[in-house]
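Colleague: Here are the chains, one letter per residue:
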Amino acid sequence: MAMTESELHEAVQEAVVGALGVSDDEASPDATLMDDLGAESIDLLDILFRIERSTSVKIQASDLGDYIQGGIPDDEFSDENEIISEKGLEQLKKVMPQIDTAALAGNLDANDVIKLFTVSNLGDMVARRAGGAA
Amino acid sequence: MLRSLHVRVGIDILSVERVSRLLRENVGIEEDVFTARELEYCARRARPDEHLAARFAAKEAVLKAIGTGAARGFPWTDVEILRDRAGRPRVELHGETAVYAGARGIADIDVSLSHAGGLAVAHAAAVCRSGEGASCAST
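First to last, the protein sequences are chains S and B.
The first sequence lines up with residues 1 to 134 when you count with this note's numbering.
The second sequence lines up with residues 135 to 273 when you count with this note's numbering.
Bear in mind the hints are in silico, worked out from the structure with no lab data behind them.
For glycine and all other residues, C-beta sits at the position ideal for the given N, C-alpha and C.
Incorrect hints may appear among the rest.
Computed footprint of chain S on chain B; a stretch qualifies when at least three of its residues, placed anywhere within it, have a C-beta under 8 Å from a C-beta of chain S [stated by the list, open to error]:
| id | stretch |
| --- | --- |
| 1 | 141-153 |
| 2 | 163-177 |
| 3 | 208-221 |
Some residues of chain S that are not near chain B, with every Cβ distance over 10 Å (derived) [claimed, not checked]:
| id | residue |
| --- | --- |
| 4 | Pro29 |
| 5 | Gly65 |
| 6 | Ile72 |
| 7 | Asn107 |
| 8 | Ala130 |
Turn these sequences into a full structure, and let the hints steer you where they fit.
Modeller: Structure representation (structure tokens):
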């Protein structure tokens, strides 16, 4: 039986708790995986694999970048100094609705985007994947 | 045309136990991270997890030297750590990561690994040649 969106978000939270060894309270929906919860690359791997086991939704680390960038070519997503463009920020707002695009305009480095990704953002991504969306 | 060399470095350190736990609690994940050649080499060692951890650190170090870190989400298997005939580690890039590095003028990458006291560490140096056709673009 297909999991509900709520169940998928719960599975994501459990994966975060299990991989990082944090509490349920710490792994709140608005906690950022890397900055708030201290997740490093190896932890992201662990989280995604646990999500696959519990939800059958397979997401590879490389998929995160594709999802966040939404198919926008690199040279349109950020400028030559890898600062996220206005078009890039619009895309980020779709997958990370909590971000303040006005505050980030002109100073968000492409390599720092993943640091804004929250537990809830990951849950949304899993839910979209489970629902067959991109 | 004047050509200049730039060297970019990357370093990473991690706990061997963290890698052991990753592999122990996620059966099959090793194929997402390590290539068949890496797995075969490490399996023949007395303490495979130490060597796998060092290779994981090396992949991170290489990605940092290239300029992306792991933040871009390139496949881990794109960075392959092998050994040359003298037993020194060497880096082979594949797929998107190879394309990305090439586009930024990275001509060669050297890496050194070590592990002791439950930790694995790796240091990578990427040589970038700028000149006609290559810009050594900053990342």
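Colleague: Confirm or reject each hint.
Modeller: The hints, checked one at a time:
1. 141-153: Since 3 is at least three, the answer is holds.
2. 163-177: Check passed, 3 qualifying residues.
3. 208-221: holds (count 3)
4. Pro29: holds (22 Å)
5. Gly65: Answer for S:Gly65: violated, closest chain B Cβ roughly 3 Å.
6. Ile72: Consistent with the label, S:Ile72 stays out of reach of chain B, its closest Cβ about 14 Å off (over 10 Å).
7. Asn107: holds (16 Å)
8. Ala130: holds (20 Å)
Checked against the numbered hints above, the structure breaks only hint 5 and satisfies the rest.
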